[in-house]
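Enquirer: Generate coordinates for the entire structure from the input sequences, incorporating the hints supplied.
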Amino acid sequence: MKMGRYTTALIACMVIGAFLLVAGCTSTSQSTTSATEEEKTITVFTAGSLKGAFTDMAAAYEEQHSGTKVILNIDGTQALRTQVEQGARGDVFASANLKHMIALMGEGFIDNATVVDFVENRVTVALPASNPGNITELSDLAKAGTKVLIGTPEVPIGNYARQVLDKMAEDTAYGQTYEDAVMANVISEETNVNNIIAKLLIGEADAGFTYTSDVVTPAYADQLTTITIPDEYNVVAQYPIGVLNESANPDTAEDFITFVRSEQGGEILQRYGFSPV
Amino acid sequence: MALGASLLFGGFLLFITVPVVSLFLRISPEAFIASLSNPVVTDALTLSLATAGACVGIVVLCGTPISYINARTAYRGRDIIDTLIDIPVILPPAVAGLALLMAFGRYGILGSYLSICGIEVAYTTLAVVLAQVFVSSPFYIRQARASFEAVDRSLEDAARTLGASPFRTFTRITMPLAAGGLVSGAVMTFARALGEFGATIMFAGNIQGRTQTMPLAIYTAMQGDLDASLALAVILVIISFGVITGVRYAVRR
Numbered sequence: 109m110k111m112g113r114y115t116t117a118l119i120a121c122m123v124i125g126a127f128l129l130v131a132g133c134t135s136t137s138q139s140t141t142s143a144t145e146e147e148k149t150i151t152v153f154t155a156g157s158l159k160g161a162f163t164d165m166a167a168a169y170e171e172q173h174s175g176t177k178v179i180l181n182i183d184g185t186q187a188l189r190t191q192v193e194q195g196a197r198g199d200v201f202a203s204a205n206l207k208h209m210i211a212l213m214g215e216g217f218i219d220n221a222t223v224v225d226f227v228e229n230r231v232t233v234a235l236p237a238s239n240p241g242n243i244t245e246l247s248d249l250a251k252a253g254t255k256v257l258i259g260t261p262e263v264p265i266g267n268y269a270r271q272v273l274d275k276m277a278e279d280t281a282y283g284q285t286y287e288d289a290v291m292a293n294v295i296s297e298e299t300n301v302n303n304i305i306a307k308l309l310i311g312e313a314d315a316g317f318t319y320t321s322d323v324v325t326p327a328y329a330d331q332l333t334t335i336t337i338p339d340e341y342n343v344v345a346q347y348p349i350g351v352l353n354e355s356a357n358p359d360t361a362e363d364f365i366t367f368v369r370s371e372q373g374g375e376i377l378q379r380y381g382f383s384p385v
Numbered sequence: 020m021a022l023g024a025s026l027l028f029g030g031f032l033l034f035i036t037v038p039v040v041s042l043f044l045r046i047s048p049e050a051f052i053a054s055l056s057n058p059v060v061t062d063a064l065t066l067s068l069a070t071a072g073a074c075v076g077i078v079v080l081c082g083t084p085i086s087y088i089n090a091r092t093a094y095r096g097r098d099i100i101d102t103l104i105d106i107p108v109i110l111p112p113a114v115a116g117l118a119l120l121m122a123f124g125r126y127g128i129l130g131s132y133l134s135i136c137g138i139e140v141a142y143t144t145l146a147v148v149l150a151q152v153f154v155s156s157p158f159y160i161r162q163a164r165a166s167f168e169a170v171d172r173s174l175e176d177a178a179r180t181l182g183a184s185p186f187r188t189f190t191r192i193t194m195p196l197a198a199g200g201l202v203s204g205a206v207m208t209f210a211r212a213l214g215e216f217g218a219t220i221m222f223a224g225n226i227q228g229r230t231q232t233m234p235l236a237i238y239t240a241m242q243g244d245l246d247a248s249l250a251l252a253v254i255l256v257i258i259s260f261g262v263i264t265g266v267r268y269a270v271r272r
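Residue numbers (the numbering used here), protein chains in the order written: chain A, 109 to 385; chain B, 20 to 272.
Take the hints with a grain of salt, since some may be wrong.
[What the hints assert, rightly or not] A few chain B residues facing chain A, derived, Cβ under 10 Å:
1. Asp98
2. Thr102
3. Asp105
4. Val108
5. Ala118
6. Met121
7. Tyr126
8. Gly127
9. Tyr132
10. Ser134
11. Gly224
12. Gln227
13. Arg229
14. Leu245
15. Ser248
[Stated by the list, open to error] With a cut-off of at most 20 Å between alpha-carbon atoms, the simulated DMTMM-like pairs for lysine to aspartate or glutamate come out as follows:
16. A:Lys275 with A:Glu340
17. A:Lys307 with B:Asp246
18. A:Lys275 with A:Glu262
19. A:Lys255 with A:Glu245
20. A:Lys177 with B:Asp176
21. A:Lys275 with A:Glu287
22. A:Lys207 with A:Glu262
23. A:Lys177 with A:Asp359
24. A:Lys307 with B:Asp244
Calculated from the structure, these hints are not laboratory results. Here a beta-carbon is modelled for each residue, glycine too, at the ideal position from N, C-alpha and C.
Expert: Pasting the structure below:
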């Protein structure tokens with residue numbers, strides 16, 4: 109029987125579909141089974157603020173360990189935690205706060221013995237370099253009409269920012285009215301810090317609560333300025349890193365963590381504004 | 020009155036077209052060309068085209084028999100089945116994503132059994148295809164059913180009386196007659212699959228090269244590389260226009 113155009117097209121689609129289904133299934137198993145001694149792949153769940161630093165970190169690690177591939181899964185820590193809890197596979201988990209890491213440890217997803225704090229960070233108020241909101245000091249954030257960005261309560265930067273505001277609310281110099289006014293000026297709660305930076309870079313907001321590392325990052329350094337938050341109101345953000353229990357390459361994962369905590373790793377982190385521990 | 024109507028008309032058209040034009044105006048041609056060699060852009064483009072293509076393949080394969088049966092046979096419960104098949108269209112994509120995760124995630128209702136057999140679906144490229152199939156299949160099935168219903172049965176009967184088998188009648192008479200509608204349904208499925216975001220990011224995740232389709236890449240790239248984001252958006256606009264033109268051409272045949 110002569111094959112009509114449609115039958116041919118249908119068969120072609122079936123072949124493509126079948127191929128992709130197989131590719132989809134095997135690409136999962138490839139990343140979870142180490143093929144040979146030389147070819148290894150690890151997936152690093154990376155908190156959003158570590159995007160720049162860990163991109164360089166992964167490249168440096170791959171250069172030193174030919175045959176090893178480091179894949180970064182970058183998102184807000186709470187989003188990454190949800191993925192792990194829903195069964196996503198990975199090898200290393202780098203969190204921007206203790207809370208989510210401790211939760212995962214309690215739920216049995218982390219190899220607790222491998223967890224270490226590797227950097228510290230602080231909160232700051234970032235502004236677009238052009239300063240459209242004319243902000244010169246912290247009290248300006250409470251002025252009516254100022255457009256402020258903050259993280260959601262679950263994302264570490266959102267949690268830290270609220271801690272800072274709570275501390276300022278306890279001080280008579282600012283008080284609860286200050287915190288309320290600032291929160292009333294919030295135009296958006298973002299799910300990770302990179303979204304906050306993105307909106308600041310295109311001038312869609314006057315100010316945002318980000319990390320100090322974000323304004324030092326080479327890519328943004330000349331597009332953002334900051335208002336420093338005094339130490340008495342600021343919080344120390346502690347970043348723990350650890351190996352996921354179901355990692356298919358726990359040795360490589362631990363080796364990567366060792367690299368992160370090495371002198372070379374520390375240099376990369378410092379370049380991006382982090383304080384290695 | 021005519022002035023009011025034309026103001027309304029013109030205003031609405033501006034609202035639709037100005038944002039699309041803004042995409043092209045906010046990126047320089049040099050930056051666009053440069054972005055075409057950016058791995059974020061190329062990875063997303065190939066992944067999107069491959070997964071949407073696979074999606075259309077699956078939907079056409081599974082949807083054609085379903086829509087043909089629903090068009091030709093009035094079985095008990097057909098109306099319920101029709102409503103069920105339409106559910107993905109009414110379901111918000113984020114809900115679809117969450118639902119797929121709850122069903123097929125590693126600890127999901129069905130996923131936990133699949134996991135025992137070593138099959139993992141969530142957070143893989145397969146999940147991207149499944150999410151696309153879930154949200155875009157109604158577009159093809161509805162259109163295919165309408166197209167089959169529009170085929171003159173007397174032509175099919177004539178073929179049968181002339182000795183053609185049911186299969187031959189289907190492929191040589193019914194399909195060609197329904198072709199315009201089937202193709203336009205497939206093209207709409209492709210377009211919907213290409214644009215899928217919410218279900219994909221929730222069920223498949225967002226890793227470059229593995230699950231980061233073009234819409235996800237646009238969203239992610241915007242966090243730091245606006246040019247990559249705009250380049251992808253421009254490419255998607257061009258593809259979308261191609262889709263619309265394709266549909267209108269197919270329907271006219």
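Enquirer: Return the numbers of the hints above that this structure violates; sort them in rising order.
Expert: Hint check: 1, 2, 3, 4, 5, 9, 20 fail, others pass.
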